[in-house]
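Participant: In order, the protein sequences belong to chains V and L.
Under my numbering, the first residue of the first sequence carries the number 92, and numbering increases by one thereafter.
Under my numbering, the first residue of the second sequence carries the number 267, and numbering increases by one thereafter.
It should be emphasised that the hints constitute simulated quantities derived from the structure, not laboratory data.
No experiment lies behind these values; they were computed from the predicted model shown.
Just so it is clear, CB atoms sit at the ideal spot from N, CA and C, and this is done for glycine as well.
Do not take every clue at face value.
A few chain V residues facing chain L, derived, Cβ under 8 Å [unchecked claim]:
1) I190
2) R210
3) D228
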Amino acid sequence: MANNKFIVGLWDHEEVYLHAIEHIRHKGITIYDSLTPFPVHGLDEALGLRDTRLHTAGFMFGATGTTLALTFMSWVMTTNYPIDFGGKPYWPLPSFIPITFEMTVLFAAWGMTLTYLVRNKLWPGRVPRIFDTRTTDDRFALIFEADKLSDSELNEIKSLCTAEGAVEVKDKTFAEGE
Amino acid sequence: MHAYESEFREPLINGLDKTYTKITDDLVAPTERNSTMWWIMVLLTGAGSLFFVFCLAWTVWFGIGTWGLNKTIGWAWDITNFVWWIGIGHAGTLISAILLLFRQRYRTGINRAAEAMTIFAVICAGMFPIFHMGRVWDAPFIFPIPNTRGPLWVNFNSPLLWDVFAISTYFSVSLLFWYSGLMPDFATIRDRSKGKLRKKLYNIASFGWQGSAKQWQRFESLSLILAGLSTPLVLSVHTIVSFDFATSVIPGWHTTIFPPYFVAGAIFSGFAMVETLMLIVRKLFNLEDYITVNHIESMNKIIVLTGSIVGIAYLTELFIAWYSGALYEQFAFYNRILGKYLWAYFIMMFCNVVSPQFYWFKSMRRNLWVTFILSIFVNIGMWFERFVIIVTSLADDYLVSSWAYFSPTWVDLGIYLGSISVFLFLFLLFSRFFPVIAIAEVKAIFRTSSEAAKAERAKAEGATHGGFVLRGAMDKYSK
Chain V
92 MANNKFIVGL WDHEEVYLHA IEHIRHKGIT IYDSLTPFPV HGLDEALGLR
142 DTRLHTAGFM FGATGTTLAL TFMSWVMTTN YPIDFGGKPY WPLPSFIPIT
192 FEMTVLFAAW GMTLTYLVRN KLWPGRVPRI FDTRTTDDRF ALIFEADKLS
242 DSELNEIKSL CTAEGAVEVK DKTFAEGE
Chain L
267 MHAYESEFRE PLINGLDKTY TKITDDLVAP TERNSTMWWI MVLLTGAGSL
317 FFVFCLAWTV WFGIGTWGLN KTIGWAWDIT NFVWWIGIGH AGTLISAILL
367 LFRQRYRTGI NRAAEAMTIF AVICAGMFPI FHMGRVWDAP FIFPIPNTRG
417 PLWVNFNSPL LWDVFAISTY FSVSLLFWYS GLMPDFATIR DRSKGKLRKK
467 LYNIASFGWQ GSAKQWQRFE SLSLILAGLS TPLVLSVHTI VSFDFATSVI
517 PGWHTTIFPP YFVAGAIFSG FAMVETLMLI VRKLFNLEDY ITVNHIESMN
567 KIIVLTGSIV GIAYLTELFI AWYSGALYEQ FAFYNRILGK YLWAYFIMMF
617 CNVVSPQFYW FKSMRRNLWV TFILSIFVNI GMWFERFVII VTSLADDYLV
667 SSWAYFSPTW VDLGIYLGSI SVFLFLFLLF SRFFPVIAIA EVKAIFRTSS
717 EAAKAERAKA EGATHGGFVL RGAMDKYSK
């Protein structure tokens, strides 16, 4: 891994934190990541994140489910093994609606969740880099990469964080492969 | 920054000493301590679960003849229990999905436990139709899997097959919804745990969650879309369960009112079960500040609404039976009320229609003992509703010579009571190792809806416009 040295700024109030992000980005400083204990409203805009395309993926998976279910049932009932159920039509479309709906939901939900796990790099047994254990408790963290920065630039970031209301600013270095 | 909330609105997180850390401490605490009471309950329900397994083994070994079914009544306790459990399983998704879409903040206190309850209830529900098959080892053939008999496929016209798809989809989507919400909270437990093994296990459970901005963004998108998908799903599941009856030609079942009537009943019984469990949980784990009387009152409002919908459905059925002029339909309902199952009908009427009417009074809605007792009444009433619908229509069929009466055997009773044990056993395991309240979601409403934040705001604004709640909060604050 290339990046092993980081600066971690910790805030304790989300509104101060959001203002800080705006000011820091305004100064042209790149924020490596932000860690929060819960989804903070307005964080995406403050960080300038692009909207997620997960819902588009969900629609695609759902449409796949719809198509598969309808095609499969039609093939079974008309081609592969047509059976006369008490004189009912061989291709009873209304009877297919419930299963088609269920399969749409099933495919959309599973497809989206798996995409979500892959895109977020989440899997059982993954060992994440913990910048500060309190980021899942009550601290809102900003992470800056420190590998390529000079000492004066590092100090500028640190003093800016403090000026913007960070309650703690610290260095964090990970061992190779951690 | 935060959505505005009227100061008159009652807080959803009580206690002026609350901070984010305090919330973490309070909500993780149940997973961090040992309790003798918990062990006693686990052993008891564990024994009950073993008896459940024993009764099922007995059924498989000796056959369905060990149940109280007879040549007239081929569906009784098993299907009643199945529909009862599925109904209970409806509240979880309703609370998480529909209340999320309606932006009801009070859901955050109860959604996690309600979702867990859904999953365990659906597990219990699934057991009944599977074991009613008799030869359980053939159960996979309910799915359209390739086979050597043609291949001979399942009948896609059959509501029983739709049910297979509906229930299995419902189970797996609820599981996804529940678990995707649990990951951040497992990470919270991981980051504060001391032991190495505990840290490792909770890390595995959290899938290595960090809480970065992009993760949260996708998280919110996922939960919103899953909620959007689950809302029609939850309605479809009980609709399809009702199709099992409504598409048949048995008097008393063959009615178009069944889908909405069953869905309302499911929500009704689901909320009652959530209340029964949450009232115990909040007491046992000291979570009174997070599952407040306000939460209980909101649920009671839904109970009185759905209970009344169910009541109107009962009366509509009677009216339509009379108005239709159909002889057999009229007999089915006459017989349902005044026949040999009269006692069951009146238990149902009393528990489901009369008892929730107490909730028109605010003092009743906010009384925890009344709520606890009525929630059990509703659970009993909803069990009898399914029993009445199923058994009364079957017992007295078209041939007088085959009229029969259903009495359960010890195996019937054992499987039913055993399934309640399994449900409680799973719920106990959940409450010991999982965060029973969604920690991250409670924190997300902290700044808008907590007593502490409201008092702070009032203090900042000089409390010139404080509502009644706030004035109380201010008094405490100044002390």
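Participant: Determine for every hint whether it applies to the structure shown.
Facilitator: For each hint, the structure was consulted:
Interface restraint check for V/I190: the shortest CB-CB distance to chain L comes to about 5 Å, inside 8 Å, so the restraint holds. Below 8 Å, beta-carbon pairs count as interface contacts, and V/R210 has one with chain L at about 6 Å; its hint therefore holds. With its C-beta approaching chain L no nearer than about 5 Å, V/D228 sits inside the 8 Å limit, and its interface hint holds.
This entry satisfies every hint, going by the numbered hints stated previously.
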